[in-house]
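K.L.:
Sequence:
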Amino acid sequence: MLAEGRLRAVIVLDEAPADLVDLVGYLQDVTSDRLALDLVVVTAYEVAGHRILVPQLIEPDRSQLTAELAGTSKPTTASEIVRGSDAFAATIEPVPTDQQATLRRLLEWARELERDGLASLYTSIGKGRWVLNPRLPGQSRGMVSIWNDKGPYLSPYRSVFDQEAPTTLAKLDAAAPNEIGRGNYIKAEYDESLLTLLRDAYLEAKDRRA
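Numbers given in the working numbering equal positions in the sequence shown, counted from 1, plus 1.
To be clear, the hints were calculated from the coordinates, so they are not data collected in a lab. The C-beta atom is built at its ideal place from N, Cα and C for all residues, glycine as well. Take these hints with a grain of salt, some might be off.
[Claimed, not checked] With a cut-off of at most 20 Å between alpha-carbon atoms, the simulated DMTMM-like pairs for lysine to aspartate or glutamate come out as follows:
| # | residue 1 | residue 2 |
| --- | --- | --- |
| 1 | 207 | 94 |
| 2 | 128 | 94 |
| 3 | 188 | 99 |
| 4 | 151 | 109 |
| 5 | 172 | 193 |
| 6 | 207 | 115 |
| 7 | 207 | 150 |
| 8 | 151 | 99 |
| 9 | 172 | 150 |
| 10 | 151 | 94 |
| 11 | 128 | 87 |
| 12 | 188 | 208 |
| 13 | 128 | 81 |
| 14 | 128 | 150 |
| 15 | 151 | 87 |
| 16 | 207 | 163 |
| 17 | 151 | 81 |
| 18 | 172 | 201 |
| 19 | 172 | 205 |
| 20 | 172 | 190 |
| 21 | 207 | 113 |
| 22 | 151 | 190 |
| 23 | 188 | 174 |
[Stated by the list, open to error] The following label-pair restraints were derived from C-beta to C-beta distances:
| # | residue 1 | residue 2 | range |
| --- | --- | --- | --- |
| 24 | 12 | 51 | 23 to 31 Å |
| 25 | 208 | 98 | 34 to 42 Å |
| 26 | 9 | 52 | 23 to 31 Å |
| 27 | 49 | 11 | 47 to 55 Å |
| 28 | 48 | 201 | 45 to 53 Å |
Hey, can you work out the whole structure from these sequences and the hints?
P.N.:
Written out as structure tokens, the structure is:
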């Protein structure tokens, strides 16, 4: 990792205050994940007269930073992050009918990434909004996040595109100028051509690490 200009550190604690978790997420974002910090909380239990230690990885909700960068008024309450996409899928039904088809298309697009080994899906559950994060395999970051905020939104992470899929990024910039930023929402139509290019970015990232 050092040869690639990256550093990973594991911090083991008996508790992780919310401010510390937020700071870790901020540091990883501003360094474009070149500094990877794993927060591990170790809890002691007594089982059948034996003392055992159980570690738990604590991950920051990085979708909150995306909201702040985009200038949106998202709630600041802590979010729960769960593995998979089922929690996100369950939030589509209450959304206005005219928004559901796009949300389902984005959900299926993300699930196809996971089926093909291009991403691992995580859902961030907040107050009144849900975020599906297709993370790059083995990493805590992805190139886009899919929002359900009473409708569908796509947020790109340009620094990740630049590092992991620069060739596809150039194609995206040509097809959708000024859309692939950092923390913004893509305003272009979420059509098949855009989703194909975004998938190509995940493919390029995989090929570059092969």
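K.L.:
Does each hint hold? Answer for all of them.
P.N.:
Hint check:
no.	hint	in the structure
1	207 with 94	33 Å, violated
2	128 with 94	17 Å, holds
3	188 with 99	17 Å, holds
4	151 with 109	18 Å, holds
5	172 with 193	15 Å, holds
6	207 with 115	12 Å, holds
7	207 with 150	30 Å, violated
8	151 with 99	11 Å, holds
9	172 with 150	28 Å, violated
10	151 with 94	10 Å, holds
11	128 with 87	17 Å, holds
12	188 with 208	28 Å, violated
13	128 with 81	10 Å, holds
14	128 with 150	10 Å, holds
15	151 with 87	17 Å, holds
16	207 with 163	14 Å, holds
17	151 with 81	19 Å, holds
18	172 with 201	10 Å, holds
19	172 with 205	12 Å, holds
20	172 with 190	16 Å, holds
21	207 with 113	15 Å, holds
22	151 with 190	17 Å, holds
23	188 with 174	13 Å, holds
24	12 with 51: 23 to 31 Å	26 Å, holds
25	208 with 98: 34 to 42 Å	39 Å, holds
26	9 with 52: 23 to 31 Å	29 Å, holds
27	49 with 11: 47 to 55 Å	29 Å, violated
28	48 with 201: 45 to 53 Å	49 Å, holds
Hint check: violations occur at hints 1, 7, 9, 12, 27; the rest are consistent with the structure.
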